[in-house]
Structures are given as structure tokens and as C-alpha cells.
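In numbering that gives the first Met the number 0, the protein residues as written are 0 to 278.
Honestly, the hints are just simulated from the structure, not real lab data. Among these hints, one or two may not hold up.
[Unchecked claim] Distance windows between CB atoms, simulated:
no. : residue 1 : residue 2 : range
1   : Arg121    : Gly266    : 39 to 45 Å
2   : Pro41     : Ile208    : 22 to 28 Å
3   : Ser124    : Ser267    : 31 to 37 Å
4   : Gln206    : Gly259    : 36 to 42 Å
5   : Ile208    : Gln137    : 43 to 49 Å
6   : Ser35     : Tyr190    : 28 to 34 Å
7   : Glu244    : Gly209    : 30 to 36 Å
8   : Ser267    : Lys174    : 39 to 45 Å
9   : Gly194    : Glu82     : 35 to 41 Å
10  : Pro2      : Asp62     : 41 to 47 Å
11  : Gly104    : Asp265    : 22 to 28 Å
12  : Tyr190    : Lys256    : 26 to 32 Å
Quick reminder that beta carbons are idealized off the backbone N, C-alpha and C, glycines included.
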Amino acid sequence: MQPRHRILPNHGTLFVSTDFHGNGADFRRMRQLFESHLAQTPQTHWAILGDLVHAPDPQSRRDNPRLYDFDDESWEIVRGVSELHRQYPERLHLILGNHDHGHVGGPHPRKFYWDEADHLERSLSEQQLTVLCNLFNQALIIIFAPCGIMCTHGVPSDFLCDPRDVDAISFDVRKNSVTQNALLATILRSYSQPGTNTARMLKQVGQAIGLELSVAVHGHDRDEAGWYAEHGNQLQPVMFGAPDEEKRYLKLDLSEKYSGTDAIRDGSEILRVHAPISE
């Protein structure tokens with residue numbers, strides 16, 4: 000059984016980025032930010048909240064160039080994250096997204112293509128496909144930080160009670176029980192939850208592992224403003240689906256305590272991806 004959740008330390012810096020969806024420029028920028036900070040501060044972590052792969056199709060690029068006109072560099076991102084994972088195994092933390100899951104036993108998503116997983120895999124060599132599958136098979140499902148943060152791809156319902164339950168889940172959905180697949184689905188594919196449900200989920204999960212959790216940080220959704228918060232306990236920094244000038248990531252102090260989304264401020268902890276690196 001491979002652990003699918005991880006608890007980060009109570010010191011250092013945590014970068015959090017969401018869905019790249021094949022955008023190589025966004026990935027390279029985040030890699031630059033992470034490695035530059037890591038060179039100065041060894042206790043630097045980077046959590047990538049899934050959906051590395053699957054870029055817009057040509058028609059979508061033409062119809063909405065401001066959001067979608069970029070080349071598909073899914074393989075280049077997979078290769079880069081694999082390199083970082085080998086180089087910084089205790090610092091780089093990859094969470095599985097629903098699009099990534101389609102390559103390692105999950106449902107094949109439909110977004111820009113009828114079968115996104117098949118479309119990408121047909122463009123890869125056998126060796127490249129092996130690298131991709133190895134990376135996604137090693138991914139986490141949940142990351143926790145004592146600063147009050149829980150990170151997932153989607154927004155789990157209060158069906159999630161104990162994060163150790165996810166350790167027993169196979170990414171190959173054929174091997175799971177109905178209950179296990181329902182739990183995995185809510186973690187990977189839910190866009191939001193009622194605030195009361197999220198508060199209940201954070202409380203029961205935190206009690207199970209001895210942490211006080213206040214904010215569910217997630218990916219999976221889009222917003223042209225570059226980030227959004229809901230109900231005081233759900234927050235997403237957005238890259239895919241936002242214009243370059245609005246894309247955001249999080250830079251969190253692991254020694255702090257974030258009591259709600261109001262404590263995570265735009266311009267302080269919520270930063271622009273393509274701003275000067277000194278931001």
C-alpha cells in the first residue's frame with residue numbers, strides 16, 4: 000500500500016500551483032520561482048495540485064486565444080516534473096488530477112477532445128508513456144500542512160473522514176469498492192462544496208491526524224480573475240482558464256496559522272505567476 004497523503008512540516012515555505020493543462024510557459028515560470036526560492040531557503044516546498052496534461056484543441060485556441068492559445072507541452076511538463084521529483088523528493092509534491100488519473104486507471108476525461116487520455120497517449124513514444132504513467136502512479140491525493148491548509152485537486156465532500164482511507168485506494172478504479180471510488184471521485188472531480196460541508200470535513204479529517212485545518216486549497220476549476228474563495232474555507236489560485244496577467248499561485252508560510260480564506264491575501268500570499276520574480 001502506497002501512502003497517498005502527506006503531512007508537511009511546520010516550518011518553511013509552501014508554493015501551491017494548480018492546473019497547467021499542457022501550458023509549458025506556466026510550468027517553466029513556476030519551476031523558476033520554486034528553484035530560485037529553494038536556492039535561498041532550503042525548507043521550500045512546492046505542491047502541484049494536478050492536471051499537468053491535456054491542452055486546448057486548435058478550434059478552442061482560435062475561438063478564445065486570450066485564454067487558450069498555447070502549444071500543448073504536456074510531455075515537456077511531465078518530463079520536467081519527473082526530473083524535479085527525482086531531484087527534490089522531499090520538496091516537490093504532486094497531487095493527482097482527474098485528467099492525470101485517466102492515464103493510470105481512471106475515467107478518460109472529455110474536454111477539448113472526445114478522449115483526452117487517448118489523444119495524448121497516441122502522441123507519445125512507449126518510453127514517454129512509461130515515464131508519464133510512473134509519475135502519475137506515484138502521485139499523492141491529499142497534502143496537509145499544520146498551518147491549517149489541506150490541498151487536493153477537487154473539493155472533497157464530508158464523505159472524507161480519515162485521510163488514511165485514501166492510502167488503500169487504487170488508481171485503477173476496477174480494483175476499488177464502490178465506496179472507495181465514490182471517495183476518489185469527490186476528491187478529484189468536485190468543483191465546490193457548501194461551506195458547512197467543508198467545515199465539517201476539515202474538522203473530522205483534522206481530528207483524525209491531529210491537525211487544526213481551516214482552508215481547503217484546490218484546483219480543477221477556472222476563473223478569469225485568477226483566483227477565488229468561497230464560504231471562508233475554500234480557495235483556488237487559478238492558472239488554466241485565466242489570462243496570463245491574472246494567473247495566480249500561493250506562497251504560504253508553513254510556520255503561520257491561516258484561520259480562513261481571509262487570512263490568505265491577494266498580493267501577499269496570493270501572487271501573480273507572471274509578475275517580476277521579486278514579487
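Which hint numbers doesn't this structure obey? 3, 4, 5, 7 and 11
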